[in-house]
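K.L.:
Here is how the chains run, residue by residue.
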Amino acid sequence: MKLVVIAGTPGSGKTSVLMHAARCLEGSGSRPAVVKVDCLWTEDDKRIGRLGIPVHVALSRDMCPDHFSIYNVDEMLEWAKKQDADVLLNETAGLCLRCAPYPDHCLAVCVIDVTTGPNTPLKVGPLLTTADVVVTTKCDLVSQAEREVFRERVLEANPHCRIVEANGLTGKGGSDLAEIIRALPPAAENMMLRHNPPLAVCTLCSGELRVSKRYHRGVLRHMDGFMEYSGE
Amino acid sequence: MRLTILGGVDKDGCADHIETLHIDSGEIVGIVGPTGSGKSTLISDLEQFAQRDTESRRQVLIDGQPPDAEVRADPRRKPVAQLSQNMHFLADMTVSDFLAMHAKSRGREENLIAKVIDLANTLTGEPIHPEHHLTALSGGQSRALMTADIAVISDSPIVLIDEIENAGIKKQEALKLLAGEGKIVVVVTHDPVLALMTSRRVVMKKGNMVRVIQTSEEEQKVCNSLSRVDRWLINLREAIRRGETVSAAEAAL
Numbered sequence: 001m002k003l004v005v006i007a008g009t010p011g012s013g014k015t016s017v018l019m020h021a022a023r024c025l026e027g028s029g030s031r032p033a034v035v036k037v038d039c040l041w042t043e044d045d046k047r048i049g050r051l052g053i054p055v056h057v058a059l060s061r062d063m064c065p066d067h068f069s070i071y072n073v074d075e076m077l078e079w080a081k082k083q084d085a086d087v088l089l090n091e092t093a094g095l096c097l098r099c100a101p102y103p104d105h106c107l108a109v110c111v112i113d114v115t116t117g118p119n120t121p122l123k124v125g126p127l128l129t130t131a132d133v134v135v136t137t138k139c140d141l142v143s144q145a146e147r148e149v150f151r152e153r154v155l156e157a158n159p160h161c162r163i164v165e166a167n168g169l170t171g172k173g174g175s176d177l178a179e180i181i182r183a184l185p186p187a188a189e190n191m192m193l194r195h196n197p198p199l200a201v202c203t204l205c206s207g208e209l210r211v212s213k214r215y216h217r218g219v220l221r222h223m224d225g226f227m228e229y230s231g232e
Numbered sequence: 001m002r003l004t005i006l007g008g009v010d011k012d013g014c015a016d017h018i019e020t021l022h023i024d025s026g027e028i029v030g031i032v033g034p035t036g037s038g039k040s041t042l043i044s045d046l047e048q049f050a051q052r053d054t055e056s057r058r059q060v061l062i063d064g065q066p067p068d069a070e071v072r073a074d075p076r077r078k079p080v081a082q083l084s085q086n087m088h089f090l091a092d093m094t095v096s097d098f099l100a101m102h103a104k105s106r107g108r109e110e111n112l113i114a115k116v117i118d119l120a121n122t123l124t125g126e127p128i129h130p131e132h133h134l135t136a137l138s139g140g141q142s143r144a145l146m147t148a149d150i151a152v153i154s155d156s157p158i159v160l161i162d163e164i165e166n167a168g169i170k171k172q173e174a175l176k177l178l179a180g181e182g183k184i185v186v187v188v189t190h191d192p193v194l195a196l197m198t199s200r201r202v203v204m205k206k207g208n209m210v211r212v213i214q215t216s217e218e219e220q221k222v223c224n225s226l227s228r229v230d231r232w233l234i235n236l237r238e239a240i241r242r243g244e245t246v247s248a249a250e251a252a253l
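First to last, the protein sequences are chains A and B. Numbering (our numbering) for the first sequence: 1 to 232. Numbering (our numbering) for the second sequence: 1 to 253.
Honestly, the hints are just simulated from the structure, not real lab data. Ideal placement from N, C-alpha and C gives every residue a C-beta, glycine not left out. Hints are not guaranteed to be accurate.
[Unchecked claim] So the derived label-pair ranges between C-beta atoms look like this: (1) A:L169 <-> B:H22: 26 to 34 Å; (2) B:H133 <-> A:R98: 42 to 50 Å; (3) A:G52 <-> B:G36: 23 to 31 Å; (4) A:M63 <-> B:A136: 39 to 47 Å; (5) A:P10 <-> B:E173: 55 to 63 Å; (6) A:P10 <-> B:P34: 34 to 42 Å; (7) B:R108 <-> A:D224: 38 to 46 Å; (8) A:G49 <-> B:G64: 43 to 51 Å.
[As the list claims (entries may be wrong)] One side only, chain B facing chain A, incomplete, derived with CB under 7 Å: (9) Q51; (10) D53; (11) P75; (12) N86; (13) L90; (14) A91; (15) T94; (16) D97; (17) M101; (18) D191; (19) V193.
Let the sequences and hints guide you as you build the complete structure.
P.N.:
Pasting the structure below:
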């Protein structure tokens, strides 16, 4: 079973890119299945379901969706196996950009919208810098010059990635991505994350609602960057 | 250089009537047809060097060969410059910063910036300043800058243009500038002057390349008289823009 993890900011076109790639994969004899992780609500199962391939939606609810995706990888692969699939496409919710939910033995795909401007690739962090493939979307909405500057910025942030220019409306880029997926080796057991998730065990995680720092315990970072430990 | 388009299928799955189309260096070819007839799809096939892997199933060859996959994927090696329908920049930076970054991404000298801006200012009535913010430029200024950028920084042997006439710039000058010396130019257009400036035009219908029309000598004459009308119109527009009044004598063709 091959594993493809598709991450990216909300609205960047992850689902469209995934659907075009899935269609191309199916056309060339592969058997893709899709797990879509979202937080509270999604209708993407209906949208992706139109392709006639197995789709499973998982809502993380009050859990961080990226953490949820990470520790559920085994269950996802198990499910895909039962669907008789040979490629699992896992689309993440894509929220805070600080987590990069990519295991080492997967194809890590970061979808990024060129209309967000050429500084975005520098802001995105490990989601982009640890990706194997960066898919740039909405390329038809900017001039060639802007597209090239954006591309340059992506390569500055991640010099080893492959860049695929995609257009969710026409399907451009889908066959390029499918070709990269076809050349991918299967996922391994006991995979490791490529990048550590941020510190997340804080008083807020355990339900604190009060705002001021004096109510919070654990490792706290001040506005000026100073870090302290508060507690016993 | 010779560009070859091998026909694919239209929106109904029927084969293109034009099976093979060759375009050689130095030629300007038009694409005409109503909205939704597949003009932009054809331009997009050329831009991607389609290898029967797009919706139209067309194939595009350079000098009779399919280009390497790497050439298709890397814009720095792709011999194509494209002026699309976009009328605005979205990057929040100054004109000179942006051009410097673009020159760098293309491996060109940064001293081309002044040249691009000077050239852009020959195409638009509203001068562009290096310190202007890209996002604040008018449609005409943006289009003029995109055109000059393609002519100077991208400087590719194949130039694709999607509907230059909507731009509010001097379109004939823009086309001549983009065509440069010995380039292959493919221009989508509804504009009679531009369409007749080409040597041939491909007619699109429901996604099908239905026929190719060679511009006749008579059409070239029509083009010349239309150019005079066009210049006259531009002069009137400029006079009004400068806040001048227009007399009946000036308005007579």
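K.L.:
Would you mind marking each hint as holding or not holding in the structure?
P.N.:
Hints versus structure:
1. Separated by about 30 Å at the C-beta atoms, L169 of chain A and H22 of chain B satisfy the suggested range of 26 to 34 Å.
2. The hinted window of 42 to 50 Å between H133 of chain B and R98 of chain A is violated, with their beta carbons roughly 30 Å apart.
3. Checked against the hint of 23 to 31 Å, the pair G52 of chain A and G36 of chain B passes, with Cβ atoms roughly 28 Å apart.
4. The hint said 39 to 47 Å for the Cβ distance between M63 of chain A and A136 of chain B, and at roughly 43 Å that hint holds.
5. As the Cβ distance of P10 of chain A to E173 of chain B is approximately 43 Å, the hint placing it in 55 to 63 Å is violated.
6. Against the hinted window of 34 to 42 Å, the Cβ-Cβ separation of P10 of chain A and P34 of chain B comes to about 37 Å, which satisfies the hint.
7. In this structure the supplied range 38 to 46 Å holds for R108 of chain B paired with D224 of chain A, their Cβ-Cβ distance being about 42 Å.
8. A hinted range of 43 to 51 Å for the beta carbons of G49 of chain A and G64 of chain B is consistent with their spacing of about 44 Å.
9. A cut of 7 Å between beta carbons decides the hint on Q51 of chain B: the least distance to chain A is about 9 Å, and the hint is violated.
10. For D53 of chain B, the shortest C-beta to C-beta distance to chain A is roughly 5 Å, which falls under 7 Å, so the interface hint holds.
11. Taken as an interface hint, P75 of chain B checks out: its beta carbon lies about 5 Å from the nearest beta carbon of chain A, inside 7 Å.
12. At about 5 Å, the closest approach between the beta carbon of N86 of chain B and any beta carbon in chain A falls short of 7 Å, and the interface hint on this residue holds.
13. Contact between L90 of chain B and chain A, as hinted, is supported at the beta carbon level, the nearest pair being about 5 Å apart and thus within 7 Å.
14. Against a cut-off of 7 Å between C-beta atoms, the interface hint on A91 of chain B holds, since the closest Cβ of chain A lies about 5 Å away.
15. The beta carbon of T94 of chain B comes no nearer than 13 Å to any beta carbon in chain A, farther than 7 Å, and the hint placing it at the interface is violated.
16. Taking 7 Å as the C-beta contact cut-off toward chain A, the hint placing D97 of chain B at the interface is violated, the least distance being around 10 Å.
17. The interface hint given for M101 of chain B is met, as the beta carbon of that residue sits about 5 Å from the closest beta carbon of chain A, less than 7 Å.
18. Using the Cβ-Cβ criterion of 7 Å, the hint placing D191 of chain B at the interface with chain A is not satisfied: the shortest such distance is roughly 20 Å.
19. Checking V193 of chain B against chain A: minimum C-beta separation of about 24 Å lies over 7 Å; hint violated.
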